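Q: Residue numbers (the numbering used here), protein chains in the order written: chain A, 1 to 343; chain F, 1001 to 1334; chain X, 2001 to 2347.
Since the hints were made in silico from the structure, they are not lab data. On a predicted model such as this, the values are computed, not experimentally measured, just so you know. Among the hints, a few may not be true.
The following label-pair restraints were derived from C-beta to C-beta distances [claimed, not checked]:
hint : chain 1 : residue 1 : chain 2 : residue 2 : range
1    : A       : Asn164    : X       : Ser2169   : 34 to 42 Å
2    : A       : Lys193    : X       : Val2189   : 48 to 56 Å
3    : X       : Arg2336   : F       : Arg1011   : 20 to 28 Å
4    : A       : Lys188    : X       : Gly2157   : 34 to 42 Å
5    : A       : Asn337    : X       : Ser2175   : 26 to 34 Å
6    : A       : Ser249    : X       : Arg2200   : 22 to 30 Å
7    : F       : Gly1187   : X       : Arg2336   : 36 to 44 Å
8    : X       : Ala2036   : F       : Thr1186   : 36 to 44 Å
9    : X       : Lys2345   : F       : Thr1186   : 38 to 46 Å
10   : F       : Val1089   : X       : Gly2261   : 47 to 55 Å
11   : X       : Pro2167   : A       : Pro329    : 34 to 42 Å
12   : A       : Thr318    : X       : Gly2261   : 41 to 49 Å
Sample of chain X residues at the chain F side, in silico, Cβ under 7 Å [as the list claims (entries may be wrong)]:
hint : residue
13   : Ser2105
14   : Leu2106
15   : Gly2133
16   : Ile2138
17   : Arg2206
18   : Ala2306
19   : Ser2315
20   : Gly2316
21   : Ala2317
C-beta: ideal position from N, C-alpha, C; glycine also.
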Amino acid sequence: MRHTRILTAALLGAALAVSGCASSTTTTSATSSGASAAAKTYKIAMLPRATNIQYFVSASDGAKKAAAELGDTYSVVGPTEITAAAQLPFIQTLTTQQVNGILLAANDPNALLPALAKASASNIKTVTFDSDTATAGRAIFINQATSAGIGAAEIQQMAAAMNNKGKFAVIASSETSPNETAWIAGMKDELKKPEYSGMQLVKIAYGADDAASFSTAQGLMQAYPDLAGIIGTNSFAISATARAVEATSNAGKVMVTGLGTPNDLRKYVKDNTIKSFVLWSPGDLGYLATYAMHALLDGKITGASGDKFSAGTLGERTIGDNGEVILNPPTVFTATNIDQFNF
Amino acid sequence: MKLSSFRHLLRWEVMLIGLVIVLAIAANAVTPLFLTAPNISDALSNLSEKALMLLPLVPLIIAREIDLSVASIAGLASVSLGAMFEAKVPLAVAIVVVVVIGALCGLLNGVLVSVLGLPSLVVTLGTLGLYRGLCYVVLSGKSVAGFPAWFTNFGFGYIPGTLIPQPLVIVVVAAVIFGVWLHLTTGGREVYAIGNGSGAARFSGLPVRSLLVRLYVVSGTFSAIAGVIYSARFASARADSALGFELDVIAAALLGGVSMAGGVGSIFGGLLGLTVLGVVRNAMSLANISSEVQSVVVGALLILAVLLTTLLSDSSRLKRAPSRAVRKEVAADA
Amino acid sequence: MTDALKTARPGVRVRSGNPVVTILRRREASLVLALALITVGVSSVAPRFLSLDNFGQILAAVVVVTVVGVGQALVVISGNVDLSVGSVVGLTAFVAATTAHANQSLPLLIVFLMAMAIGAACGAINGLLVTVGRIPAIVVTLGTLYVFRGVDYIIAGGGQVNAAELPSSFLDFPSQKLLGIPLTIVLTVVLVAVFAAGARWLRVGRYLYATGNSSEAAHLAGLPQRRTVFGAFVLCGALAGVAGVLYATRFGAVTSSAGLGLEFQVVAAVVVGGVSILGGSGSIIGSVLGAILFGVITNALNVMNAPSNWIQAISGAAILLAIILDLAMSRARERRERFDRERAKLS
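The following block holds chain A by itself, in its conformation from the complex (with noise of 0.2 Å):
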């Protein structure tokens, strides 16, 4: 058994030694593809907060789109759980496939720092979608819109819904998500406007997934029976929340809106349990991200505030500050137009 140790010692001993010489060629080899990159085919992956999840199904369809437009070779690659441990890896592999851009929808604002840090060492740039990375982590960010701005768009509908009085709640997918928890602070703010003074925020709960959410919704409704609204400020929460809803015959007593899709949302729609909703396209966002990916690799921009760039049928775009691009201001959903979407 000892000699059996030894041996695999041994082994892994030599694996790391003979790599070593071995890493040093493929790293040379990657950079000087790299630097010959004048040739204008990049290699983009997509590393959403996770590869299950329709919403960013769609976003990657978006930038699989722009990639094939530019010429660039496109991948999307990720984990299935919604953790920054399980996407730690992926930045890992495709540091090592000296891939030249990453797409990242980050599930945690801080916890993937030290390994873009050592992606961008290796000249990988990082463009940031949906759920940002403190600024050190990537050059761009590509917002929906911005966060002041979802969270407005969303109490405005809930006011609507509500006829500007009543107590309402909103329900997010975990206390830890970056970009919902920046959305609910821009929720706050809105609420401090004068109109919305009849209204009040009774509680934020969370529900993990839609399961989760569809508990969350009914325990929201048995603690405070005199609820007249819920704001589900992610894609499952909303619909889990309309059909919660609907389950305890509240319809119409209990109203709904949200962060949605179309299609998802579409039976709630037309029943009226939800009379508007929220949303942004992400295929755009996957799109619009790509175009700035490429115009970075190409030395265009650079992140810095005022930068200009051309991405394709979406027009030319304006980086803001601390590297932010707005995409558009939310499309609002309602009963009249819900039909000329379909994603």
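With chain A held as given, fit chains F and X onto it using these hints.
A: Just chains F and X, lined up with the frame of chain A:
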């Protein structure tokens, strides 16, 4: 360890080593990036926390117990570290406090299992929920960051002049200590004796209860250290730190030949099992195989490995651990 | 240690002169007592808790865990465990929803049967590996937990099935009632009754307990152990399939992460319900009560407006309290039995 279990283990470890080699060659054929120092270094550093949680789990499983709460204790350690750091406690002090917290968590497990005699699967299932829930109580929405550079450099840095990740040093030292203790000291032999028939061990005067309690305290301590390393590697502390790690750790132990029936297993085997898991995941990621397919492969690998060894070994191995009926009677008389 | 958690097996009467006391000493009684205590306690703080509507919601909420719990109880009684149930529920939920989406006029009964078949197939894989492969159940089902979930992810892609895509027969199922009671609850009650009766009175039920209690003795007695254990796994899978459809109809939208983590909830419910993890004892009714207890705790925390980040911690603590209480009661019972025996000797 009895001679027949020795032979079984040898067979298992040999199979695992062979598996690692085969996998490494196959991986390298598919993608030459695999056998590069930076890649292996990355893959090994990602296993640091799980390796630390695995080390005390091996003797526990050999003694026919289990600890499902390891990842939750690691998470609790991480958030406690973050909370104290935010409250301006010097980080070095916070680290010590956090390790003590881990030991206390382990003590609760140990007391419930050993002194009260409750089944460890259920107890640690409960503490898994309790400790993870406490994570959310301590650090509700936040992710604490901004740790000092010496801490994060340790987590993500290498030993100067090499590509060996620094956390790995702690793992190796701990592994050596555990390996020596389990296989070469009387304390370690007690663990195997317990796993082979608790009643008999009790008759021969071994302090079973105290040993189990100590094992659980050690498990809690090492899980807490794993939590600290997690915070260093990720430069942040969150309520979902190390979430779900226990599944991989247990799978690694089982893959490594540590049998649920008790009395069989080794530290080396457990670490080999973890290595196999790490290699498989890393290689598949490099080959751009999706996470979804990776799940299937890992599960199938676990089953195949155990199936293969069961088929290859002689049937006498299965009769080695006394049947539950005998164990129950013996325990009842004790 | 192993005997410390021995609970009353069906058919073994805990003897006492007083029939009320006999009933009270049964394991399940302590669960009902716990439920009653919680109900009284919570209602005094939040009277909304004590309403028919609320109880209806609690029962509707625990339907999935209860149905899976029945199957899990069968497996655990036989001395094994099935960690793959969450993945099976997710898989069958997704396949059921996709099928209903593709064939809008398909009767719900067919969807149920299809889900049961898929679940049973998964259970059969588990069963074969445990009985023929002689691999410990915890290893097998840990592996199949990964495999079935992976298959679910692959089939689903990033996709999901939305409420808009499902037929109304599907979505309206949870609100359909029989004599004022929702059909989902009726279905659950029927399943529980059938399996509880079967486990207690059918011969194969006896085999199940005997196998879990002492496989050596059962083997010597010539019981068809392997078939019994295999059957338990198949039934567990089939019931998980039924639960998958119930999940899909309840939530109206199914993603590939449906049922993630469910196995822990189910094992907790079953164990708190008095089914010993070592096998050979406990009852189906007990597992149901365990599931209801957890449902009541979650609901109570919501109604009392407990901060949401306390819920998981409290659930974990509840498991610990339940088994400690159980231990205390069984030790007390043992002491009394010994006392009765001694007294019987003297008289």
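Q: It remains to establish, for every hint, whether it holds in the given structure.
A: Quick rundown of the hints versus the structure:
For asparagine 164(A) and serine 2169(X), the hinted distance range of 34 to 42 Å is satisfied, since their beta carbons lie about 39 Å from each other. For the pair lysine 193(A) and valine 2189(X), the beta carbons lie near 52 Å from each other, so the given range of 48 to 56 Å is met. At roughly 51 Å, the beta-carbon separation of arginine 2336(X) and arginine 1011(F) lies outside the given 20 to 28 Å, and the hint is violated. Judged by the Cβ atoms, the range 34 to 42 Å given for lysine 188(A) and glycine 2157(X) holds: they are separated by roughly 37 Å.
Checked against the hint of 26 to 34 Å, the pair asparagine 337(A) and serine 2175(X) passes, with Cβ atoms roughly 30 Å apart. Separation of serine 249(A) from arginine 2200(X) is about 39 Å and departs from the stated range, judged on CB atoms against 22 to 30 Å. The given range of 36 to 44 Å is respected by glycine 1187(F) and arginine 2336(X), whose C-beta atoms sit roughly 40 Å from each other. Checked against the given bound of 36 to 44 Å, the beta carbons of alanine 2036(X) and threonine 1186(F), roughly 52 Å apart, lie outside it.
At roughly 44 Å, the beta-carbon separation of lysine 2345(X) and threonine 1186(F) lies within the given 38 to 46 Å, and the hint holds. Between valine 1089(F) and glycine 2261(X), the C-beta spacing of about 33 Å breaks the proposed range 47 to 55 Å. Checked against the hint of 34 to 42 Å, the pair proline 2167(X) and proline 329(A) passes, with Cβ atoms roughly 37 Å apart. The hinted range of 41 to 49 Å is satisfied by threonine 318(A) and glycine 2261(X), whose Cβ atoms lie roughly 44 Å apart.
Of the supplied interface hints, the one on serine 2105(X) is violated, with its beta-carbon coming no nearer than about 32 Å to a beta-carbon of chain F, more than 7 Å. A least Cβ separation of about 27 Å between leucine 2106(X) and chain F goes past the 7 Å threshold, and the interface hint is therefore violated. Here the hint on glycine 2133(X) is kept, as its CB sits about 5 Å from the closest CB of chain F, short of 7 Å. Annotation: isoleucine 2138(X) was flagged as interfacial toward chain F, and the flag holds, the nearest CB pair being 6 Å apart, inside 7 Å.
Because the closest C-beta pair between arginine 2206(X) and chain F is about 17 Å apart, greater than 7 Å, the hint is violated. Hint on alanine 2306(X) is violated. Least Cβ distance to chain F is approximately 11 Å, over the 7 Å limit. Because the smallest distance between the Cβ of serine 2315(X) and any Cβ of chain F comes to about 5 Å, under 7 Å, the interface hint for this residue holds. Hint on glycine 2316(X) holds. Least Cβ distance to chain F is approximately 3 Å, under the 7 Å limit.
Checking alanine 2317(X) against chain F: minimum C-beta separation of about 5 Å stays under 7 Å; hint holds.
Checked against the numbered hints above, the structure violates hints 3, 6, 8, 10, 13, 14, 17 and 18; every other hint is satisfied.
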